[in-house]
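Asks: As a plain string of letters, each chain reads:
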Amino acid sequence: MDEQLITKHQHHKINELFTEFSEATNLTRPDKANKLMAQIDMMIDTEQGIEYVYDMIDDLTKEGLFLDSPWSDPSKLVATLVNGTLKSGHPNSTIEILSELRLLAIAKGKINNATVNRDEAENYIQEVIVSNLEFVFNEPLEETRLTMSDHELLKVHSFFKFVSDRIHLDGVKMKLAEELTLICEQRPVVTEKQRKIIELIKEKIDLDPEKSEDAKLYKFQRSIYSPTNNSKGKSIDEYNEFLNDLSDEELKDEAKEMGRSMNEFGLVSRHHAVLLLHILANNHFHLVPPCLGLNPVGKAKWNEYSSSLSSIIMQTVHPYNTQCIYGLAKMLEKGIISREAVRSGLFNLATIKIHPKVEDRIIKSTRSPHKDVTARQYLIGALFRILGQPLGVGQGNNPTCQSARGISMWSEHAPAKLINMIQTAAVHNDLMFRFEGHEIKASLTGKGLVQKLDHNLDAVSVTLVPMLDKIYNEMMLRASGRGEDPHKWVNPALYGQWIQIGFASAYDYLTNAIVDFDGFVRVFYSMAHPEYNGGHRLIYPNPVGIFITSNKGEMLGFHAVSLLRVEKAPNGIMRAYFLNPNNEGRQDWGQEIKPSVFGNGELHGESSLPIHEFAARTYAFHFNSLEVHSKMELIPSAEVRKVKQLAQESWGQAYNWLDTKKQW
Amino acid sequence: MAKCFALLGWSLPVIESMQKLNKPYVVVSFPDFEPYAKENDIPFVPYQLNEWSDSSNSLDLLEKLNQHNVDVAVPLFEETVEWAGALNSIYRGDPRVLNRAFLFRNKAMMKRKALIGGLRVGLFEEVYNKEGVKAFMKRLNEANLQVEGEEDSWVHIKPFASAGTVGHRLLRTMNDVDEKCEDEDFPCLAESHLPGREFSCEAFVHGGKIRFLNITEYVKLGYSNFIPEGNYLHSKRDMIMKEMQKMVDLFGIEYGMVHPEWFLTENDEMSFGEVACRIPGGHILELCGKAYDFDALGAFVLCHDPDLSEEELKEILPPIDARPKNFYGNVMIYPHKNQISKLEIPEELKEEPYFLDHNLVPPMTTQKISDRDGFGNHFGTVNFKGEDPDRMTELLLHYENVDFYH
Numbered sequence: 001m002d003e004q005l006i007t008k009h010q011h012h013k014i015n016e017l018f019t020e021f022s023e024a025t026n027l028t029r030p031d032k033a034n035k036l037m038a039q040i041d042m043m044i045d046t047e048q049g050i051e052y053v054y055d056m057i058d059d060l061t062k063e064g065l066f067l068d069s070p071w072s073d074p075s076k077l078v079a080t081l082v083n084g085t086l087k088s089g090h091p092n093s094t095i096e097i098l099s100e101l102r103l104l105a106i107a108k109g110k111i112n113n114a115t116v117n118r119d120e121a122e123n124y125i126q127e128v129i130v131s132n133l134e135f136v137f138n139e140p141l142e143e144t145r146l147t148m149s150d151h152e153l154l155k156v157h158s159f160f161k162f163v164s165d166r167i168h169l170d171g172v173k174m175k176l177a178e179e180l181t182l183i184c185e186q187r188p189v190v191t192e193k194q195r196k197i198i199e200l201i202k203e204k205i206d207l208d209p210e211k212s213e214d215a216k217l218y219k220f221q222r223s224i225y226s227p228t229n230n231s232k233g234k235s236i237d238e239y240n241e242f243l244n245d246l247s248d249e250e251l252k253d254e255a256k257e258m259g260r261s262m263n264e265f266g267l268v269s270r271h272h273a274v275l276l277l278h279i280l281a282n283n284h285f286h287l288v289p290p291c292l293g294l295n296p297v298g299k300a301k302w303n304e305y306s307s308s309l310s311s312i313i314m315q316t317v318h319p320y321n322t323q324c325i326y327g328l329a330k331m332l333e334k335g336i337i338s339r340e341a342v343r344s345g346l347f348n349l350a351t352i353k354i355h356p357k358v359e360d361r362i363i364k365s366t367r368s369p370h371k372d373v374t375a376r377q378y379l380i381g382a383l384f385r386i387l388g389q390p391l392g393v394g395q396g397n398n399p400t401c402q403s404a405r406g407i408s409m410w411s412e413h414a415p416a417k418l419i420n421m422i423q424t425a426a427v428h429n430d431l432m433f434r435f436e437g438h439e440i441k442a443s444l445t446g447k448g449l450v451q452k453l454d455h456n457l458d459a460v461s462v463t464l465v466p467m468l469d470k471i472y473n474e475m476m477l478r479a480s481g482r483g484e485d486p487h488k489w490v491n492p493a494l495y496g497q498w499i500q501i502g503f504a505s506a507y508d509y510l511t512n513a514i515v516d517f518d519g520f521v522r523v524f525y526s527m528a529h530p531e532y533n534g535g536h537r538l539i540y541p542n543p544v545g546i547f548i549t550s551n552k553g554e555m556l557g558f559h560a561v562s563l564l565r566v567e568k569a570p571n572g573i574m575r576a577y578f579l580n581p582n583n584e585g586r587q588d589w590g591q592e593i594k595p596s597v598f599g600n601g602e603l604h605g606e607s608s609l610p611i612h613e614f615a616a617r618t619y620a621f622h623f624n625s626l627e628v629h630s631k632m633e634l635i636p637s638a639e640v641r642k643v644k645q646l647a648q649e650s651w652g653q654a655y656n657w658l659d660t661k662k663q664w
Numbered sequence: 001m002a003k004c005f006a007l008l009g010w011s012l013p014v015i016e017s018m019q020k021l022n023k024p025y026v027v028v029s030f031p032d033f034e035p036y037a038k039e040n041d042i043p044f045v046p047y048q049l050n051e052w053s054d055s056s057n058s059l060d061l062l063e064k065l066n067q068h069n070v071d072v073a074v075p076l077f078e079e080t081v082e083w084a085g086a087l088n089s090i091y092r093g094d095p096r097v098l099n100r101a102f103l104f105r106n107k108a109m110m111k112r113k114a115l116i117g118g119l120r121v122g123l124f125e126e127v128y129n130k131e132g133v134k135a136f137m138k139r140l141n142e143a144n145l146q147v148e149g150e151e152d153s154w155v156h157i158k159p160f161a162s163a164g165t166v167g168h169r170l171l172r173t174m175n176d177v178d179e180k181c182e183d184e185d186f187p188c189l190a191e192s193h194l195p196g197r198e199f200s201c202e203a204f205v206h207g208g209k210i211r212f213l214n215i216t217e218y219v220k221l222g223y224s225n226f227i228p229e230g231n232y233l234h235s236k237r238d239m240i241m242k243e244m245q246k247m248v249d250l251f252g253i254e255y256g257m258v259h260p261e262w263f264l265t266e267n268d269e270m271s272f273g274e275v276a277c278r279i280p281g282g283h284i285l286e287l288c289g290k291a292y293d294f295d296a297l298g299a300f301v302l303c304h305d306p307d308l309s310e311e312e313l314k315e316i317l318p319p320i321d322a323r324p325k326n327f328y329g330n331v332m333i334y335p336h337k338n339q340i341s342k343l344e345i346p347e348e349l350k351e352e353p354y355f356l357d358h359n360l361v362p363p364m365t366t367q368k369i370s371d372r373d374g375f376g377n378h379f380g381t382v383n384f385k386g387e388d389p390d391r392m393t394e395l396l397l398h399y400e401n402v403d404f405y406h
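So the protein sequences, as listed, match chains A and B.
Just so you know, we're using the working numbering here: the first sequence kicks off at 1 and counts up by one.
Just so you know, we're using the working numbering here: the second sequence kicks off at 1 and counts up by one.
One chain only, chain A, in its complex shape (with noise of 0.2 Å):
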C-alpha cells in the first residue's frame, strides 16, 4: 500500500477512534482513550503524524484526554521531568508529547488557556528543548538507546523536529549559553555534557557572529575547537607541525592565549595537549606556567616540582585525554603536590598494572577511547581532575551521592590516602575498610545501592564507586537498628576521623517524628553561624543529610551534601556553601528555595543557599558536642521561627511534630 493510502486510513481511523472516545460515558471511556491512544501512539513517528495530531489537540483537549491525569493542568508542568517521561515509553510518552503539542498550541495561539497564557507556554517549550537536547539533534544518549525502542525514538525525534521548525530558536540559544554557563561555572570533573552541547550547537546551529546572543555560544565553541588564533582551522597534526616554526617569543604568546582559554570555561582542547607535549619535548620548561595559565602558586610548585612533573605529564597527557590539563593546572595552584605523600602516590599509580575489571569500566566511562591512551592514562588523567577540582566530583546517574562526597572530602583533605585507595581499588578491585573494630571487604559484602553503575562518570570514580558504595552499604546494615541515625556512626567511619562526635538529627526514630526541631535549629546555627558560634569558620566539610523536595515544597527524598562554608555573600546575606554531588546547576526546592551556582560569592562547584533556607532542609549533621551548648540560647527565636516555618510547610508535611524537648 503506498504512503498516501496508508495516511488516508490512518486518518480515517484516528477520527473514527476520536468519535468512539467522545461518545463513550465516563464508564468505557479509560477503554477508549486506551485504544486512541494507542492509535496517536502508532501514528506519531512521523512528522506528518504529528501535525495530525497536532492539529486535533484542541478537540482532544476539550474531550477531556489529559482528565484526571498528571498533564491534566499545564501550569503544574516541569520541564525537567520531560525526558525522564519520554524515556519511559508508551503510554506515557505519548501523553507526554500530546501535553508539549498542547503547549505548543497555546505558545501559537491556536488554542486558549486558562492556566498557561502565551508566553508561559513558549517559555515552557524552549526549557523542554534545552532538557533534551539529545533528541533534539537525535543522538540519544548510550543508556537512552539501550532503553527506547527505534519506534519511540522516532516519535520523539518527530516531534523535537516538529517543535524545533515551529519555535524561535533564537530564544534556545539564550538558554543554551545559559545552560553551558551553569554546567561550566562549576567546574565538573565530567566535562562530556558540555561538550557535547558544544559539538552539538556546532553541527546543526547556524550561529551568526553579528548577534550578540550568538556570540557567547561562539566563545563555547572555541574553547573547544579553537582555542588560540593560530588553531584555528588546523587539525592537531597541523598545529603540532605549525608549533615547529614559532619563535620563542610566539610560542610564549601561543602558551600564555592557551592558558588564558582554559581558564575560562575549564574546559581544554585537544591543541592544548599538543602544544604542552611540545613545550616539554623541546624542554622549554619555563612555557609550562603561561601554558597551564598558572596562578604564582602554581608557578612556584611547578619550579620546584618540574622535572617529576614532567615525566607524569608526558606520561599522561594526550590529545585524547586533554581535560585532564585543566585539573593539572588546579592541582598544582592548590599546593598538594608539596606533600610528600601525594607525590609518592603518584609515582606509585605511574606503575601499576590495572586489574581487568577495573580497566573494563574506565575504558566504559571514556566516551570515545583512543587506542594510544591507556587505562592507566585516563585513570591518572582523572586523579589530576579529582585533586585539583574537588569541588566538581560528580556522582553521574547513580545513587551513590556518599561515595561521590567521599572522594571530594579526600581528595581536598586526605589526597594521599585517596591516591592510596585507588592504587589499591584499581589493582585489587576490591577495598577494605574498619568499622568499629571490624573488617569490612568490598568483594564479600552483599549488593550496594548502585545496581548498574552509570559510566557516566570519571575513571576514579568508576575505579572506587563500586566499591565505596557496597562498604557504605554494609556499613549502614551494621549500624542499624541502634534506634538512631546510623550515619552518625557511619560518617565518621568512611570519611575519616575528623568527622565530628557530635551528631544531631531532626528525625526521632523511636517515636518517628521530627522532635524538638528549634533545639535542632540552634544547633545547626551554632556549629555553622559566625555569629553565634563565635565567629568562627568550619575547618572540614561537614557531612549533612537533606531533604529534597518538589519545586512545590513536597518531600520527595533524602540527599546527602557537604556544608563547606557559611560566609556573608558579597551582596551581604548570609549564606551557606555546599557541595551537592549531583551537579545539577538548575534546582529549584519549592518556597522560592533555589540553590545557585554562580554569582552569590560561590567557589566553582559550590552551591549556595542562604543560611535558613538551607537549615530549614537539613536533617542531620555533627558537631562538636563540648561546644555548642553554651551557644545554642544565643540564636534569636525569630530566625528559628523562619527555618521552622519553611520546614513546617514543606518536607515537614510528611510528619508528625513534636516540641518536647530533647538533650542535645
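Take these hints with a grain of salt, some might be off.
What the hints assert, rightly or not - Calculated lysine to aspartate or glutamate pairs in the EDC-like style (CA-CA distance at most 20 Å, straight line):
(1) A:LYS8 with B:GLU387
(2) B:LYS350 with A:ASP2
(3) A:LYS32 with B:ASP293
(4) A:LYS8 with B:GLU347
(5) A:LYS32 with B:ASP295
(6) B:LYS20 with A:GLU23
(7) B:LYS342 with A:ASP150
(8) A:LYS32 with B:GLU286
(9) B:LYS290 with A:GLU16
The hints are simulated quantities; they were obtained by calculation from the structure and are not laboratory data.
Got chain A sorted already, so can you dock chain B onto it with the hints?
Replies: Showing chain B alone in chain A's frame:
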C-alpha cells in the same frame, strides 16, 4: 416492558448500553464495586455472590431487589447464571427456569440433555481421578479400534462449571494424563475429541424462538475469531439455524441469549460442544455489534425481558437474514517469552489496511509471565476489519505468532 433489569456481575460496557438505551436497571455485584458505582451514579446492590448461606441466598436477594422493582434478572458472568435462574424462576413463576440454569452450569448434565434430544455429541463421562481418565482413554482407543503402535485417542477434560477455556486440557497420550492432570482438576468431564471446524453461535432468543443468529468463526480457539462467519460456514447457515433451533427447543430456552460451540465436519455433520448463557468471551459481542451495527450488549439484556414487544425486538436486533459487508476480527495477544520488558508494534501492522485498533499495554519494567491457566491472560487485543474473510483468516493466523512483546 420490564420494570427493572437486575444485571448480575459487572460489565461497564453493558451498564453504558443500559444508560444509552435509557432502560431501568440495577447492578448486583460484589461490595468492592460499590464505591465506583456510587461515584458514577450506577444503581447498585452489593451482594456476596460467591456465598450461599442464611444471609446470602436468592430469597434474600429477591427482597433487596424488590426495592428496585426488579422483574428480570440477567447473568453477566458464568458464576451468576444460577442466581439469575433462581430469581427468574420466581419472576416467571416457573421453577424449571432454575433447573435450566443448573443445566448450563454442569457440562455433563448439558451433554446428557443434548444426547437425549438427538444432538450429536462426543463420547463423554464424569471422571474422578487420573485412573478414570486413563480408563476412559482406553475404552475410547478400543472403540476406535486402535492397533498396537497407533496413537492414543485424544481426550479433553474440562471442569463442570468454568467459563470458556479455563481448566480445559487436551490429553493426547496416556503419559499426558500423568503429566498434565492435577489432583485439583477432579471431578470433571472427560470427552472425546470432536473433529471438524469449530465455531460458536450467539442466538438471541425471545419467546422460545431465535430472533437473531450470529455465527462466530473461530480461527484459533482462545486466540482469534471473526464475525460474521466466512463464506463456507455461511453456505451452511440454514442447517446451522435448524440445529440451533433444535437445541433451543430441547433445552427449553425461552428468553435471553445462548452461546453454544459447535463442530462441523466435512460431511456436514454438526456436533454439539457446550453451551453458555452469559456474555461470551473473546469480545464476541463487541465484534458482533460492530459487524451488524447494533447494540449487541443492550440486545443481550433486553432479550431476557418476556414483556419485550415485537416492535422493540425489531428495533434492537438486526434483520435475521442480514449479511454485513465488512468482517470484524480480533486476535488476542499473548507474550511468547517468559520475561518481557517492552511492547513493540510491528511496522507491517501499521501498514495493514485491515488493521483497526489495538489496546495492548506495555509490560511493567521487566515482567515475568505466570503459568497459563486456560490460555493464560492475554495482554490485549488487536482488531481488524475488512471485506475478505479469507484475508481475515490469514491475518489472524499470522498475528497470533507475531511477537509484540520482547
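Asks: Of all the hints numbered above, which does this structure not satisfy? Sort the numbers upward.
Replies: none
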